[in-house]
Amino acid sequence: MLERDGYLEIEEIERIPGFPGREALSRKKVAILECAQEIPCDPCEAACPRGAITVGSRITNLPAIDPERCTGCGTCVARCPGLAIFVIDLTKPDHDVVTMPYEYLPLPEAGQEVACLDRRGAMLGSGRVKRISTAKANDRTAVVTVEVPKGLGMEVRAIRVNGRVLAGELEGVKEPSKEGLLPQGPEDPDDMLICRCEEVTRKEIIEAIREGAVTVDAVKRRTRAGMGLCQGRNCGKTVSRLIAEELGKPVSSVPPASKRPPVRPVKLSVFAAGEDVPDDDK
Amino acid sequence: MIDTDILVVGAGPAGLSAAAEAARHGARVTVVDENEKPGGQLFKQIHKFFGSRRHRAGVRGFDIGYALLDEVKSLGVEVMLDTVCYGIFPEGVGLVVSGKRDVLVEPRRIVLATGASENPLCFPGWTLPGVVGAGAVQTMINVHRVPVGERVLMVGSGNVGLIVSYQLLQSGAQVVGIVEALPKVGGYGVHAAKVRRAGVPIYTSHTVVSALPNSDNTRVKAAVIARLDENMSPIPGTEKELDVDTIAIAVGLTPMTELAFIAGAAFTYSGLLGGHIPLHDEDLMTTVEGLYVAGDVSGVEEASTALEEGRLAGVAAAASLGKIPEVEAEEKKREIRESLRDLRTGPFGDARARAKEEIVNEMAKRRGKRSA
Chain U
7 MLERDGYLEI
17 EEIERIPGFP
27 GREALSRKKV
37 AILECAQEIP
47 CDPCEAACPR
57 GAITVGSRIT
67 NLPAIDPERC
77 TGCGTCVARC
87 PGLAIFVIDL
97 TKPDHDVVTM
107 PYEYLPLPEA
117 GQEVACLDRR
127 GAMLGSGRVK
137 RISTAKANDR
147 TAVVTVEVPK
157 GLGMEVRAIR
167 VNGRVLAGEL
177 EGVKEPSKEG
187 LLPQGPEDPD
197 DMLICRCEEV
207 TRKEIIEAIR
217 EGAVTVDAVK
227 RRTRAGMGLC
237 QGRNCGKTVS
247 RLIAEELGKP
257 VSSVPPASKR
267 PPVRPVKLSV
277 FAAGEDVPDD
287 DK
Chain P
213 MIDTDILVVG
223 AGPAGLSAAA
233 EAARHGARVT
243 VVDENEKPGG
253 QLFKQIHKFF
263 GSRRHRAGVR
273 GFDIGYALLD
283 EVKSLGVEVM
293 LDTVCYGIFP
303 EGVGLVVSGK
313 RDVLVEPRRI
323 VLATGASENP
333 LCFPGWTLPG
343 VVGAGAVQTM
353 INVHRVPVGE
363 RVLMVGSGNV
373 GLIVSYQLLQ
383 SGAQVVGIVE
393 ALPKVGGYGV
403 HAAKVRRAGV
413 PIYTSHTVVS
423 ALPNSDNTRV
433 KAAVIARLDE
443 NMSPIPGTEK
453 ELDVDTIAIA
463 VGLTPMTELA
473 FIAGAAFTYS
483 GLLGGHIPLH
493 DEDLMTTVEG
503 LYVAGDVSGV
513 EEASTALEEG
523 RLAGVAAAAS
533 LGKIPEVEAE
543 EKKREIRESL
553 RDLRTGPFGD
563 ARARAKEEIV
573 NEMAKRRGKR
583 SA
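Line by line, the protein sequences give chains U and P.
Sequential numbering from 7 applies to the first sequence in the numbering used here.
Sequential numbering from 213 applies to the second sequence in the numbering used here.
Misleading hints may appear alongside valid ones.
Unchecked claim - Okay, derived cross-link-like pairs now, BS3-like style, lysine-lysine, Cα gap no bigger than 30 Å in a straight line:
#	chain 1	residue 1	chain 2	residue 2
1	P	K285	U	K142
2	U	K255	P	K581
3	P	K545	P	K577
4	P	K249	P	K285
5	P	K396	U	K255
6	P	K452	U	K209
Since the hints were derived computationally from the structure, they do not count as laboratory data.
Construct all of the structure, not just a fragment, from the sequences and the given hints.
Structure representation (structure tokens):
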């Protein structure tokens, strides 16, 4: 499921207007627009020279593909900022063909064998690059056409070139110990620094709040949190959250910290020298 | 003393758009930015932007940045880099140029386009080298082309977390996973799908509970993550230890509102838009006459909305100085607001549209009370 897992299941794709339909897929090469969220975006509509893609007057409409007008030329593939358009050809007897956008280096060459991955990045087998286009109009998005094993045209959506592993999640994952204990962190959460500039710990800030310092300014006066170089730009947000948590109130109820000039560190010598001093006086 | 009509603080997408729009109508505009390079976050954005054709959708962020810079230069906007705006005073706006020169500016209008800062996430080990903000990751890999680490855990699955994960993969790093405290992915599905098909797992309802140090305490060696219950508490026994040398934090942004606070602007709160935000009207003017906000400082959204908000503030500020005939200005503002409405639609945008509307309504109510 797209929202939970970050990719579309085939059943989800079959329900969107960018899906050309099983019948069209069985007889021709055609574009598939795997665009399933109503985001404000429409370059695909203008990209198609045949007028086969329609977004319509509302810019958030999902793009629809007209399989009869689509010639499978692939012009749209590199124009989609979301890299969500593919051209697939399921009509060949001994393999399927997938045309996809590709923005990694090194680029594959025509004839090169590549690994085929599905929408989750799982390895499906090997394919062969049939064509690669780096046309200037594609603005550095290569368009790669790959022959993939028969029956996988609806599955293959990425390739791995020269064995380059991108994600590498499979190595180095350790599951929890039998006791289910949290692996020991480097420090006690209470000793963790909240204000890095002035080195104020979580414990010091919580104590200040419990003693009645319930605004970011009050915590600052008591602990110096926020008086350093960044002037609370970083820790101020964490302090607000800690105050809200301690008081059991929403963060919105914690007033913003007071700000005073200079909002960036300025050397006193600059002010001492007065206004508009030429460089050579320094 | 610098003599200018409009001072824009921040040379990111909102600030540069505001400057371009105001200068186009004949206002003298000065943009200041504390960084040595202009563009804000735009030059870190190597991916293609969403939106419609009029929002330059499909164009990569840095190319939008170059186009904007060319535009402001050709319009004669003065861009002062390495220039800190340290305060807004009754006498004027205080600037320090190159850490040396104190300059006072008395602009007739001010546009604050100061952006947002990343939220920290505190867990045992969070101060170890190797725990970095996602913005810093982008600066390193996309601007300076320096690897941030070899194996990275991303914390947060909003668009920033997803996009930076993808860029990490492009840079040659391995992303071992993305953890998300909520039960569903925060950002756009298409961004999630890109990293998923590369093999990156997304652990929803999970959090990072600690970072483990290497033997000499100089670097992260591993991250411990755990599943969360409905009350957002880690469930004992569900921990996983992941071998990583980098933990990237992408848990939201907070508007950088210090200057608006100092100028005396009234604030409101919107959790959805990043916290305490200067109240503003539909021209993006705050409760301080002549002080405008645009982009993330007026509520955290996206670069595409920042570009449009900048234009709106630029037009409004220039019009208030009489640089644009009223009818033309109203027509322009209407067109930009419509474009903003387009960007704030759909399941992701609707809530933002409502939150922005509430701010404008609160402002109108406040003005009503004043005049009554």
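Hint by hint, here is what the structure shows:
1. K285(P) to K142(U): holds (27 Å)
2. K255(U) to K581(P): Distance ~29 Å between K255(U) and K581(P) Cα, so the pair holds.
3. K545(P) to K577(P): With a Cα-Cα distance of about 21 Å, the restraint between K545(P) and K577(P) holds, given a limit of 30 Å.
4. K249(P) to K285(P): OK: K249(P) and K285(P) at ~14 Å, within 30 Å.
5. K396(P) to K255(U): Status holds; Cα separation ~25 Å.
6. K452(P) to K209(U): holds (27 Å)
This entry satisfies every hint, going by the numbered hints stated previously.
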